[in-house]
Amino acid sequence: MANKNIILKVEGLSHQFILQDGKHLPVMHDVSFSVPEGEFVSLVGPSGCGKSTLLKMIAGLLKPDHGTIESHAQKMSVVFQNFAIFPWLNVLDNVEFGLKMEGRPAKERRRIALEKISEVGLSGFEDKYPAELSGGMKQRVGIARALAVSPDLLLLDEPFSSIDALTAERLRADLLSIWTKYKMTVVLVTHLVEEAIELSDRVIVFSARPTTVKKEFTIDLPRPRSKRSPEFFALLDKVTADIDKSDPLA
Amino acid sequence: MARSHHSFKLRKSRHYFSVFAVFVVAILIALVIIGETGRVPMGTILSGLGLSLYRLVLAYAISLIIAVIIAVSTSGTKFGNSLIPIFDLLQNLPSFALIPLFVYLFGYTDQMAIIFAATSILWPILFYMIHALNTARKDWNDAATIFGATGWKRLWFYSLPVSFPALVTGSIVGVSVGWEAIIGVEIIGLSSGIGVFLNGAIGADKQAFAAGLGLLLFSVLLINRLVWMPLLKRTELYGE
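Going down the list, the protein sequences come from chains V and H. Following our numbering, the numbering of the first sequence begins with 108 at its first residue and continues without gaps. Following our numbering, the numbering of the second sequence begins with 69 at its first residue and continues without gaps.
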């Protein structure tokens, strides 16, 4: 891993929100980590600690007060927690959206979109609108849309937290096979330690707010990982022990 | 379940269509009877109506373009938020109080009527669109940004679709205000248009007045049925 190129480097990131009453709320303090090319990294931490804020900063949607984010990704893509697919577009048009913004020719867009729709198991649903889809299907559209632009850095913001457990389980398996196929770098934000260990090469644990990197764990269990194996449980215990249980929103 | 929902919608749609058809046929029969017995100048009514409609369509197009430009360029910004009280103040000005100003600037001309009506139609479209853009789901906005929607592509593929239901509703309200403005300004100071015809007919020829009013109602209904209803139907797609 050491000889791999660093695709993302976060250094000394600090940020605070200004609340409506004018008070300052520090959410992040001196956050630093780096992600080598092709790695699957999960960011875990207590609810409200600022993981999603950090992901937004990496995606360029939010500017940090201090610190730098160095990205060497040619193309970055995001899968959103609440899918964020456009209700006025059908499945095919949603998946084509990024390609259309890139100005790709219609035929090429169609070919790529159909390929990605098939990869996420939605063939036959191309002309359906989001209102006609289940939560799991919507997130499949979100994943297909993100993959369509061929990202070398894929950001996932709690992508399975808005869907039922069974569907989430299947989606995790599908995501893993997609990642195995394309080997793009993945940064996953999740509050589920089990999910992080199941999927990742490395888990970065964040403290409660103002968040900072508390610990990093390298997960070298062979894939596919059995969540019932003693090794998995041992890791689960180890990582969970480092998560700050105090809910900063309480 | 889906099938019964579909058949309910179909029945509902057939019901609306029947009501509309009965209404239209009744108006047409009334117009034919009036035209036959009273030798109503249908040509004058139709040309007046056509002229008013032309003024309305032009005023609506101007309002729509201006509303979209203002809403897209100001919504979600601090500057835009600071403009909202000013817009609110302006839209609360009684529009007819501004007629002398428009007459002073443009005289009793078509341009005056069109610009006057445009200033009335603008506000509902603008406010509805600003509201739609400001309250659109944050992650849709983020997704549009992440996937590279900028410039005219952002306008065409994100801002307009995300505010489409609001644009339709704002347009329906705006056009009804626009009819008032056009007919009002025609009565006050123009020499042509359905407003001028109705104003002249009320004292001289009651049948002609009834025919003019009937045709006006007919065209309002037709616009509603052929333009707004299909657009409203399309907004159903925008639900999640």
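If you're looking for bench data, these hints aren't it; they were derived computationally from the structure. Note that the structure is predicted; figures quoted are calculated from it, not measured. Yeah, the Cβ is synthetic: ideal placement off N, Cα and C, and Gly gets one too. Just to be clear, a hint being listed does not mean it is correct.
[What the hints assert, rightly or not] Cβ-to-Cβ under 7 Å is the rule here; a few derived chain H residues that face chain V: (1) Ala211; (2) Gly219; (3) Lys221.
Hint by hint, here is what the structure shows:
1. Ala211: holds, 4 Å
2. Gly219: violated, 10 Å
3. Lys221: holds, 6 Å
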